[in-house]
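Sequences are here, hints too, so could you generate the full structure?
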Amino acid sequence: MYKDQQPVFEGKDRDLSEFLVAIYRHFGWQYPKFHKMDNLCKLGWLANELLLQDNFDKDKYKPEDIAIVLSNANASLDTDIKYYETTKTVASPAQFVYTLPNIVIGEISIRHHFKGENAFFISPDFDAGFIEQYVSNLINNNILQCCICGWIDVLDENYNASLFLVEKDRTANSVNFTKENLNNIYQLQNG
Amino acid sequence: MSDLKTQIIAQLNLQDTKPEDIGDDQPLFVEGLGLDSIDALELIVLLQQQYKIKLSNAEDGPKVFQTVRTMAEYITAHQAQNA
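Line by line, the protein sequences give chains A and B.
Residue numbers are given in this note's numbering: position 136 of the first sequence equals residue 136, and the series is strictly consecutive.
Residue numbers are given in this note's numbering: position 17 of the second sequence equals residue 17, and the series is strictly consecutive.
Simulated from the structure, these hints should not be mistaken for laboratory data.
Predicted model, so just to flag it, every value in this text is computed and none were measured.
A few of these clues could be false.
[Claimed, not checked] With a straight-line cut-off of 20 Å between C-alpha atoms, the simulated PhoX-like cross-links for lysine-lysine are:
#, chain 1, residue 1, chain 2, residue 2
1, A, 88, B, 54
2, A, 33, B, 52
3, B, 52, A, 88
4, B, 18, A, 36
5, A, 58, A, 115
6, A, 168, A, 179
[As the list claims (entries may be wrong)] Among the chain A residues that face chain B by a calculated CB cut under 7 Å, a handful are:
#, residue
7, 73
8, 88
9, 90
10, 94
11, 95
12, 97
Ideal Cβ positions, reconstructed from N, Cα and C, are used throughout, including at glycine.
What follows is the structure, given as structure tokens:
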């Protein structure tokens with residue numbers, strides 16, 4: 001795991017579920033509902049906790065001014081398949097509630113009491129140009145002041161999370177919100 | 001009741017909870033163990049999978065799932081009925 005291009009955690013677990021729990025325990029976060037989430041939500045929740053940890057003052061904003069715009073390639077397919085398996089015996093309500101990709105946005109919003117715009121888009125790859133355009137439009141039209149955006153994807157043991165914190169007002173160490181910067185940071189994170 | 005607590009923990013994925021953390025008469029919902037409506041549905045699944053009990057009347061849910069003891073009593077009564 002990296003934050004601002006600095007390594008913050010390296011896991012040894014090969015199993016994704018165990019790796020996600022290892023991250024949770026490493027940082028000492030306390031949120032009992034974490035264990036009930038599916039892997040997509042766990043991954044997004046953890047990435048967001050790391051993103052906001054230490055350098056984000058949410059009290060600067062009204063809850064309605066903080067948005068979340070995410071994307072991925074596999075929607076909620078990882079959980080859809082697991083849920084489908086349960087329907088062969090007794091369908092699991094706990095799995096069913098995670099059979100939509102935007103539930104991860106809900107989990108993050110509940111955790112931090114964010115109430116701004118939210119959207120989840122599906123695309124084959126991370127589309128920096130689209131994210132930049134969509135979020136910039138919301139910011140430039142004063143629909144929001146701050147946005148968590150990026151890519152959260154899980155299918156089986158394959159996963160990828162890259163989140164960006166976009167604020168209308170420049171902060172220390174911030175870079176301009178451009179397609180090129182998004183792509184550069186994403187590529188650095190993902191080799 | 002210890003087995004039932006273990007089954008509840010497994011069914012609801014309460015990873016940081018041990019059977020001894022759950023009191024026999026501790027409320028399962030809201031101020032007690034803090035379970036929610038999805039957990040209630042999972043408890044119905046537990047009864048069905050582990051004990052072959054189908055909760056036929058939804059209005060019985062709040063009484064049956066009040067505590068581990070009320071769940072155990074419901075299971076015992078149901079098993080005696082079908083013995």
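Name the hints, by number, that the structure is in violation of. 2, 7, 8 and 11
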